[in-house]
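Here's the letter readout for the chains.
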Amino acid sequence: MPDIEIVENLKRDLGEKALELSNPDVRRIFVKVALRDLVPAATILRDKYDCAYLATISGLDKGDVFEFIYHFASPVANINLRTECPRSEPRIASICAVIPGAVLYERELQEMFGVTVEGIPDPRRLNLPDDWPDGQFPLRKDWKHVRPEEVIPGGKP
Amino acid sequence: MSFEIPIGPQHPALKEPISLRMTVEGEVITGVDIRLGYNHRGMEKLAEEKSWLQNIYVTERICGICSHSHATCYVQGVEKLMELAPPKRGLYIRYLVSELERIHSHLLWLGVAGHEAGFDSFFMYTWRDREVVMDLLEMISGNRVHYAINTLGGVRRDLDAGQIAKILEGIVTLRKRSEYYFYIGANEPSFVARIAGVGYLSKENALALCAVGPVARASGVARDVRKEDPYAVYGDLDFAIATADSCDVLGRVVVRVKELLESYKICEQILKSLPAGDIAVKAPRKAKPGEVVSRYEAPRGENIHYIKANGTDKPERLKVRAPTLANYPATVEMLRKGFIADIPLIFAAIDPCICCAERTVTLVSAGSGAESVVRMSDLRRRAIARHRNAPVKRNAVWPL
Amino acid sequence: MKIAVFLPELIRHLFKKPSTVDYPFKKLAVPKDFRGTPYLNPEMCIVCKACERDCPAEAIEITSVNEAEKRFKMVIHNDRCIHCAQCLDSCPTTPKAMQMDSLFEIADDDRHKMKKDWVYVRAVLKPKAAAPAAAPQAGEPKA
Amino acid sequence: MAALRTLLYLVVYPGLLFLFVYSTFCEWFDRKLYARFQNRMGPTHTGRFGLLQPIADFVKLLAKEDVVPDAADKRLFSVLPVVGLAVVATAGLLLPVWNFDLAKPGLTSFSGDIIVVLYLLSLPTLILFLAAWSSTNPFSTIGGARVLTMLFGYEVPLFLAVLGPAILADSWRLAEIAAFYQQKPLLLLTNVLGFFIAVIAVQAKLERTPFDIPHAETEIVGGTFTEYSGKKLALFRLTFDIEMVVASGLLAAVFLGGFPGGAVIGFLHFVVKTLFVIFLLSLLRALTSRIRIDQVVSFAWKYLAPLAVLQLLVTILLKGLLT
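Protein chains in written order, with the numbering used here: chain A, 1 to 157; chain B, 1 to 400; chain C, 1 to 143; chain D, 1 to 323.
Honestly, the hints are just simulated from the structure, not real lab data.
Hints may be right or wrong, so weigh each one.
[Said to hold, decoys possible] With a straight-line cut-off of 30 Å between C-alpha atoms, the simulated DSS-like cross-links for lysine-lysine are:
{"hint": "1", "chain 1": "B", "residue 1": "K272", "chain 2": "B", "residue 2": "K227"}
{"hint": "2", "chain 1": "A", "residue 1": "K62", "chain 2": "A", "residue 2": "K144"}
{"hint": "3", "chain 1": "B", "residue 1": "K50", "chain 2": "A", "residue 2": "K62"}
{"hint": "4", "chain 1": "B", "residue 1": "K258", "chain 2": "B", "residue 2": "K176"}
{"hint": "5", "chain 1": "D", "residue 1": "K64", "chain 2": "B", "residue 2": "K15"}
{"hint": "6", "chain 1": "B", "residue 1": "K288", "chain 2": "A", "residue 2": "K141"}
[Stated by the list, open to error] Looking from chain B toward chain C, a few residues come up when the C-beta cut is under 10 Å (computed):
{"hint": "7", "residue": "Y57"}
{"hint": "8", "residue": "I140"}
{"hint": "9", "residue": "S141"}
{"hint": "10", "residue": "G142"}
{"hint": "11", "residue": "H146"}
{"hint": "12", "residue": "T173"}
{"hint": "13", "residue": "R175"}
{"hint": "14", "residue": "K176"}
{"hint": "15", "residue": "E179"}
{"hint": "16", "residue": "Y183"}
{"hint": "17", "residue": "I184"}
{"hint": "18", "residue": "N187"}
[Said to hold, decoys possible] For the chain B half of the interface with chain D, some residues (derived, Cβ under 10 Å), not all of them:
{"hint": "19", "residue": "G31"}
{"hint": "20", "residue": "I34"}
{"hint": "21", "residue": "Y125"}
{"hint": "22", "residue": "R128"}
{"hint": "23", "residue": "P344"}
It should be emphasised that the depicted structure is a prediction, and the values quoted were computed from it without experimental measurement.
Cβ coordinates follow ideal geometry from the N, Cα and C atoms, glycine included.
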């Protein structure tokens, strides 16, 4: 299926929900939806576009808003669902009910960006250690890692 | 009577640290939990502080076994951002290396699978023959593990006629040996008894849990980025997706060996139609603002990088999803209701690459923010304190 | 069902030479363009600092010893070096000031002992080699 | 004088010292063979051809820190390795290589010694189980359970297979069995099936691939030995080496015609025949992958035990024909 056809179909199926639709490259389609339309849009993608496979979820700190990109892949195209949520109220809905394999990526979002994923089946941390302090979210842009001075163990002072 | 056994973070079956908590009843597993986070290096944060060029080497070090796959995935994304068109010869050499890497990775996996099943002879022989492809890679790139052959706009080293002849010669040997290992792996009764029917993952589950790579293909899901999204040279090449329908570890062995044979075919095609010309074009230092999703079929499955540029010489965001991470939900499903004896085989069958899967956080200790190098005496003191406080279990419980 | 399919192979190898190498006593040769340890050829260095800028591991450090005499000091931190040879690609001079040898057994029990330094006078700029190293040299011939 | 001789008998030859030296040699032989099967070198540097490597390993282990877990039953935990070593070394004394003279039987040759050897060879298994149990580690516990489960699999075929030739020879004494087959070597051919069953069962008893399930390191770390370290582990390893020598000596005495020709030639027979059995054990180890515990039990009862019974039946029929 050529990209144009998919874009047309997406326009038809998503209707109002699709805030932006672009096709910057071959087999790459970016769709922007509002926060509340995320789960319905993911359902449509899974059911009508053979996108049961979620490659990953990318988070992005854009200052006032966090942007989340859900990278879906079907055998013919790579459809990226984009949504934004305000920094002041970081909450998104879980899509685990639609795509069970998303749980790891959502856990990663929670710990790295400090968003609350509502309805996630397993809210524990994924990568960070258990004693990581609350309120520290490493992939936010305002979280800076200050590199400690290099100490060579066992060497001369 | 059920109790919990810890597999990892240090365990002979695991080559890298990860923790699997198994709840077992006698020999049967009833519950599985995977805990990550022992191998974090903060690659994604680090990448934001390095230039486009330096990041090639950073991404290459995400993984030791599929180093080329991460670097290539990154490089082909950045080339799109910078609107570079690498010359054809450069592309052919780049993907020749990536196929050779697939061969080395799958041979390595075959050996590991044999070792996990206690089949050490098989392990020794596959690894002996893996040396052939390692030597080829060393000859092409100058190193055995981190090839560093990619650069923005092409590759760094050219092939000459002698090298091409050597690669073709090596492929002939390897093909013969791979067919032999296929025969052994599918016929040695004690080995087949261990892998057939073990680690069942149905097609529905493979789809729902977003499994990738050979795990998905062994469950009958023909998912291969090289076919679905033919990047670079793969549109011109003739190869087939290897699949199996048995949905078990045997299927994963079959898929990997078939992929080996396909890779030999691809390598020969690439070498036969290697065009003349330059191997690289010059790359700018900065990329225009934009974003790109780069996909690549690594030996373990789909590798996806999301790269966003902001007009400077450093990326705004580099998101890396390694294939192993995508396979963890499926692994939990496969392990359930298995035997303890099957844990290493099932876990090895996803070809786990833990340092790929965990790449996100900096090496900073929680309290002070200082790099955490703990002294041995300190550890000892902590261990003693821990020991004093821990309740002593006097009576073990009969597990059966 | 077959039994003992591996038998012929095992018996055959019983009478063959082992394929392993007795490593610390016997060594294999490395191939021609092996990426070993970087070193500096001080006569050629024009102190453009391209290698320092492009080194992904921050293993190269160039400091000025005496500004008037144009004396510089380069330290290669081999304990940090990842042997990618990007410094060679970045080096704009011909022949290159940065070079790779084929040493690979450079491990030491003290990281300080792994650092190598050179104190040298900056080479005279040749007009041809003055181009800044904006990117790795594409398609350079084999050294 | 008699006391001194007995002491020499127990400590030097064929007692502890000889068994130690010969079992380490056998371990070297096994390791070297296993390596050569896999196109590797095996031990090379300690001593000529690496002959001293097992002894070096033993000494190294002796020097290592010895940890006893807090939760373990300390006395049992510490004493078991010594008991295990004593048991297999005692079994070693009963072999007919030093008891060949039927006219003048030594202290350790008596009617029924074959039963005693088999019994003494069963004891290490129980000791392993107790060792695993007393260390209270979950991995050890699973390993201990596996030790016992496997015992039910291989013990019966082993006994049936080894007792077959004894029935044919009409004696429960190893020296007499060996002497019987030295007179009628052709009868050995009737026991070939039993020999192979016994080799497989001995492989299981020694817990080597494909039966290394109780201490499968990729599954349950060290299994039974998880908590053992230092001297105790060294003794356990020595126990296994001596058990390998004794078991292969037993098979050689029963199935391969014993060790004829007096002290010197008989000893040569002993070396050649035990090494032959160890060669087979090594080959089996290189050929197969580890199987699962349920597969061991079903394999033992579906194939090994019925075949052993068949062998016994053939032996009994043959004996009826001969007499």
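Restraint check, 10 Å cut-off on beta carbons, for I184(B) near chain C: Given a least distance of 6 Å, the restraint on I184(B) holds.
Quick check on the hint: Y125(B) CB to chain D CB, less than 10 Å? holds, 7 Å
Next item in the hint list is K176(B). Is there a CB on chain C closer than 10 Å to its CB? violated, 13 Å
K64(D) paired with K15(B) [C-alpha distance capped at 30 Å]: The given pair, whose Cα atoms are some 25 Å apart, holds under the 30 Å limit.
Let's test the interface hint: is any C-beta of chain C closer than 10 Å to that of S141(B)? holds, 8 Å
Per-residue hint verdict: G142(B), partner chain C, C-beta under 10 Å: holds, 4 Å
Classify the hint on H146(B) as holds or violated, based on whether any CB of chain C lies nearer than 10 Å to its CB. Hint holds; H146(B) Cβ to chain C Cβ min 7 Å, cut 10 Å.
Between K288(B) and K141(A), does the CA-CA distance stay at or below 30 Å? holds, 20 Å
Can R128(B) be said to touch chain D, with a Cβ gap under 10 Å? For R128(B), the interface hint holds, since the closest Cβ of chain D sits about 6 Å away, which is under 10 Å.
T173(B) was flagged as interface toward chain C. Is the shortest Cβ-Cβ separation under 10 Å? violated, 13 Å
Against chain C, run the beta carbon of N187(B) and see if the smallest gap drops under 10 Å. Holds, because the Cβ-Cβ distance from N187(B) to chain C comes to roughly 5 Å (cut-off 10 Å).
Taking the least C-beta to C-beta distance, is Y183(B) closer than 10 Å to chain C? holds, 7 Å
In the structure shown, a violation is registered for the earlier hints numbered 12, 13, 14, 15, 19, 20, in ascending order.
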